[in-house]
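For this one, chain A is given, so just place chain B on it according to the hints.
Taken in sequence, the protein lines are chains A and B. Using numbering that gives the first Met the number 0, the first residue of the first sequence is number 0, and each one after it goes up by one. Using numbering that gives the first Met the number 0, the first residue of the second sequence is number 0, and each one after it goes up by one.
Think of the hints as simulated: they come from the structure by calculation, not from any bench. Note that beta-carbon positions come from the ideal geometry of N, C-alpha and C, so glycine has one too. Every clue listed holds true.
Have a look at the derived ranges for each label pair, beta carbon to beta carbon:
{"hint": "1", "chain 1": "A", "residue 1": "A256", "chain 2": "B", "residue 2": "A217", "range": "36 to 44 Å"}
{"hint": "2", "chain 1": "B", "residue 1": "D211", "chain 2": "A", "residue 2": "T255", "range": "26 to 34 Å"}
{"hint": "3", "chain 1": "B", "residue 1": "E161", "chain 2": "A", "residue 2": "Y24", "range": "16 to 24 Å"}
{"hint": "4", "chain 1": "A", "residue 1": "V6", "chain 2": "B", "residue 2": "V78", "range": "48 to 56 Å"}
{"hint": "5", "chain 1": "A", "residue 1": "F47", "chain 2": "B", "residue 2": "Y222", "range": "55 to 63 Å"}
{"hint": "6", "chain 1": "B", "residue 1": "S90", "chain 2": "A", "residue 2": "F47", "range": "55 to 63 Å"}
{"hint": "7", "chain 1": "A", "residue 1": "F47", "chain 2": "B", "residue 2": "I169", "range": "20 to 28 Å"}
{"hint": "8", "chain 1": "A", "residue 1": "Y103", "chain 2": "B", "residue 2": "R25", "range": "17 to 25 Å"}
{"hint": "9", "chain 1": "B", "residue 1": "G65", "chain 2": "A", "residue 2": "L252", "range": "42 to 50 Å"}
{"hint": "10", "chain 1": "A", "residue 1": "L253", "chain 2": "B", "residue 2": "R282", "range": "36 to 44 Å"}
{"hint": "11", "chain 1": "B", "residue 1": "D211", "chain 2": "A", "residue 2": "R93", "range": "31 to 39 Å"}
Partial list, derived from the structure: chain A residues whose beta carbon lies under 8 Å from chain B:
{"hint": "12", "residue": "I115"}
{"hint": "13", "residue": "V116"}
{"hint": "14", "residue": "L122"}
{"hint": "15", "residue": "M227"}
If you want the building blocks of each chain, they are given just below.
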Amino acid sequence: MARPFSVTALPGFGLIAVAVFVALYAPIVTLVAYSFNAANSITVWGGFSFRWYLAAWENRAVQEATIRSLIIATSASAVATTLATMAALGTTRRGRFRGQTMIYVMINQPLMVPEIVTAVALLIVFAGVRVATGYTGLGYLILAHSAFCIPFAYLPIRARLEGMDNSLETAAADLYASPWRTFRRVTLPMMAPGIAAGAMLAFVISLDDVIITEFVKTAGQDTLPTYMLGQMRRAITPEVNAISTALLALTVLLLTAFFLLGRKRS
Amino acid sequence: MATPTPAPGPMPPDRPGQAPDPIRARQIRNGWLLSAPALFILLIAASGPLAVMAVYSFLTPGDYGGVRWVFSTEGWFRVFFQRDIFDGTVSMADAHVTILWRSVRLSILTTAITFAVGFPTAWFIATRPPSRRAMWLFLITIPFWTNLLIRTFAINEVIRNEGILNSILIGIGLIERPIQILYTDTAVLIGMAYVYLPLMVLPLFAAIDRFDMRLLEAGYDLYADRWRVLRRVILPIVRPGIVAGSILVFVPSLGAYVTPRILGGGRNMMIGNFIELQFGQGRNWPLGAALSMMLLLIVLVALLFYVRAMNRAGGGSPHG
Numbered sequence: 000m001a002r003p004f005s006v007t008a009l010p011g012f013g014l015i016a017v018a019v020f021v022a023l024y025a026p027i028v029t030l031v032a033y034s035f036n037a038a039n040s041i042t043v044w045g046g047f048s049f050r051w052y053l054a055a056w057e058n059r060a061v062q063e064a065t066i067r068s069l070i071i072a073t074s075a076s077a078v079a080t081t082l083a084t085m086a087a088l089g090t091t092r093r094g095r096f097r098g099q100t101m102i103y104v105m106i107n108q109p110l111m112v113p114e115i116v117t118a119v120a121l122l123i124v125f126a127g128v129r130v131a132t133g134y135t136g137l138g139y140l141i142l143a144h145s146a147f148c149i150p151f152a153y154l155p156i157r158a159r160l161e162g163m164d165n166s167l168e169t170a171a172a173d174l175y176a177s178p179w180r181t182f183r184r185v186t187l188p189m190m191a192p193g194i195a196a197g198a199m200l201a202f203v204i205s206l207d208d209v210i211i212t213e214f215v216k217t218a219g220q221d222t223l224p225t226y227m228l229g230q231m232r233r234a235i236t237p238e239v240n241a242i243s244t245a246l247l248a249l250t251v252l253l254l255t256a257f258f259l260l261g262r263k264r265s
Numbered sequence: 000m001a002t003p004t005p006a007p008g009p010m011p012p013d014r015p016g017q018a019p020d021p022i023r024a025r026q027i028r029n030g031w032l033l034s035a036p037a038l039f040i041l042l043i044a045a046s047g048p049l050a051v052m053a054v055y056s057f058l059t060p061g062d063y064g065g066v067r068w069v070f071s072t073e074g075w076f077r078v079f080f081q082r083d084i085f086d087g088t089v090s091m092a093d094a095h096v097t098i099l100w101r102s103v104r105l106s107i108l109t110t111a112i113t114f115a116v117g118f119p120t121a122w123f124i125a126t127r128p129p130s131r132r133a134m135w136l137f138l139i140t141i142p143f144w145t146n147l148l149i150r151t152f153a154i155n156e157v158i159r160n161e162g163i164l165n166s167i168l169i170g171i172g173l174i175e176r177p178i179q180i181l182y183t184d185t186a187v188l189i190g191m192a193y194v195y196l197p198l199m200v201l202p203l204f205a206a207i208d209r210f211d212m213r214l215l216e217a218g219y220d221l222y223a224d225r226w227r228v229l230r231r232v233i234l235p236i237v238r239p240g241i242v243a244g245s246i247l248v249f250v251p252s253l254g255a256y257v258t259p260r261i262l263g264g265g266r267n268m269m270i271g272n273f274i275e276l277q278f279g280q281g282r283n284w285p286l287g288a289a290l291s292m293m294l295l296l297i298v299l300v301a302l303l304f305y306v307r308a309m310n311r312a313g314g315g316s317p318h319g
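Bound-form chain B, shown alone:
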């Protein structure tokens, strides 16, 4: 396995150049010893399997699923390209690129929608009187802890052809025939915005809660209108919350599996469903492994961006 196990032995002292401190050395050794069991479980059931999967992405698919232990870059190649069966010409794998692009596009849209409605909601909660704030926050927390599957199922009942939404619209005579929302990209978008909204509201609330409301008075005293105060005072200061909420929504949206499977049907796959397909009917484990690694890479880039943005915000705010 590629990931090295941390050796639970005595560690070198923190400050090189000074004499080793036996008490400090023991503290550090005990730190490792106490962490070791958790790290072991995570190694065999989280990090280790990822390393194995990285290896699998460079192997040859077996005939009935699984792999043959022959090195091949075909899995990675097939993520973006395809070879013509007859003349061997290479072209873009349109189907794969479409699915990747749909995943990225829907995730960005989900993030944008949840921010557009989540920011006013977080602001509303944070500006309630303190006695009632906890109650409003609790109302956001309940859906957050409710099973994702149940929430997806709930939204499914609302938007299906015989569902509540269409019944109401037909009832009031706005439309004659039900609008087909289920099994479209719109359905996946509505569903993801619905299930991931609390992930946007909670960090936004945390940021707005720390916001010093006296700054607003200062802004209005200096003849700023509401729009200017929002754009030039509030948004720059709560930026860490905006970045945190966006990452918390974007990352699970990109890897979404349950919501597109239930609301998108067979044709409107996202990358998560496409990965599953490779391990099921597709019987192309290396391609599935390569796609998973791709997804992981995109997520890591997003997380790095997040860490950098946070460091910048953390370094700048005490002076501002």
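Bound conformation, chain A alone:
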């Protein structure tokens, strides 16, 4: 008997989709599998072992790069989320005003300009500032990361604010709450999910950044991704797989938490 005619089915689409999912995950699964390889090679299997995780854990360069990555991502996402929250409050729920489009364009600029262009522009400017001031610390990286994380923090916070009901705040004001109290006790708690989403996005974006970091950093300021990029130019051992797998696990963990939280709310 012929299969019933399905309106939404298109010939071959299911097959292509399944092939896409396989192609999407096969390389990642392989990468994870070889991180547990006991042999020195990333292509010849020599039995199961945690050897490379231990090697990465004890590697001084990896330790320092990890700490540096976390310092930068934490500082940059804190700065970006705070500023983005203020900007979102400033650009929503007060009607359209002149110059608002310019604010949107400036905030979203890092999303539109290719990263390599921003990276090179920052290289030029920071090289000059370094010579002029003599300061060579992590400040440059934190500043650069804060800037390109702002739109990622801003967008979910703005979306949350635009979907929010004004009446609770009006009620609070009617009950003689001061504007600050209304903000602290009503507006901020209602915004919290948007702020959390924005902060998480900013953190992941900063943690993953390769290009801008590669151009802004000076010698000895490797983050985890730029350290890995450096390793890939040399002979690769499964240590890189182990670091990749750890980062991957962190991403999946954060995403799953986010996914489950979102489902509970809706």
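Relative to chain A, chain B alone:
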């Protein structure tokens, strides 16, 4: 610095001709004040540096990198042309044009490939039962949020000479010697299609998800076959998603740096790697700055095209 800082002062009222409303004026002033810190950071670490770079593209290269503050259009000139050292004749800079053309060609191909496989994938996800749709979407989102470097490294392990793909092909006796894919344009193309695919699938899914499936029944009732329904009903309606996905893939492909660097090797540069070269061994900052501005211009043109296409789609659909 060229970009003016927005003055956080009282703004003129929205509707000229009416009496200024003090409450409205305060609202607007607070809007600027609240946005000012974010704008300041973006000015010093995003927009401002771009303006500085625009200036640098009109300066003279220094001997050991950097610039000398002497006006010159040589940087822009050298993007497309070269002068013979001996007789001073001007000709096309073949090497530069080749790299620019490779970047544009590979980006267009990447967009085409991701659309060809991304559209069926997005359609597949959107037509799953609602309970399982979120799970399929989540499976697309994980690679999307996974570090680009890790994904490039993963595909590198698959296509290298001793990699999985060649091992399998040799194992089943299809080939005798490994096919050299790594360090070719094909490798860069495979890599970019792999890493940017989620950027195509997600907006396509958003568009298909809004698509009214009853239109399909109408099409089939009117004796259209599947191909005609796809071409005449589905594709025109989900066009905004197609445009959005294409821009989201095309723009980062054009500026790609990590993927061509790892998979393309030294010879198969794209414009991003060529820009880096000017700030490293090339020691020609003005040329690098001019190339960056070129890249930025192409991207802006693509974005303008996108905005126009979106406005057209937005204006037309409610009546259609």
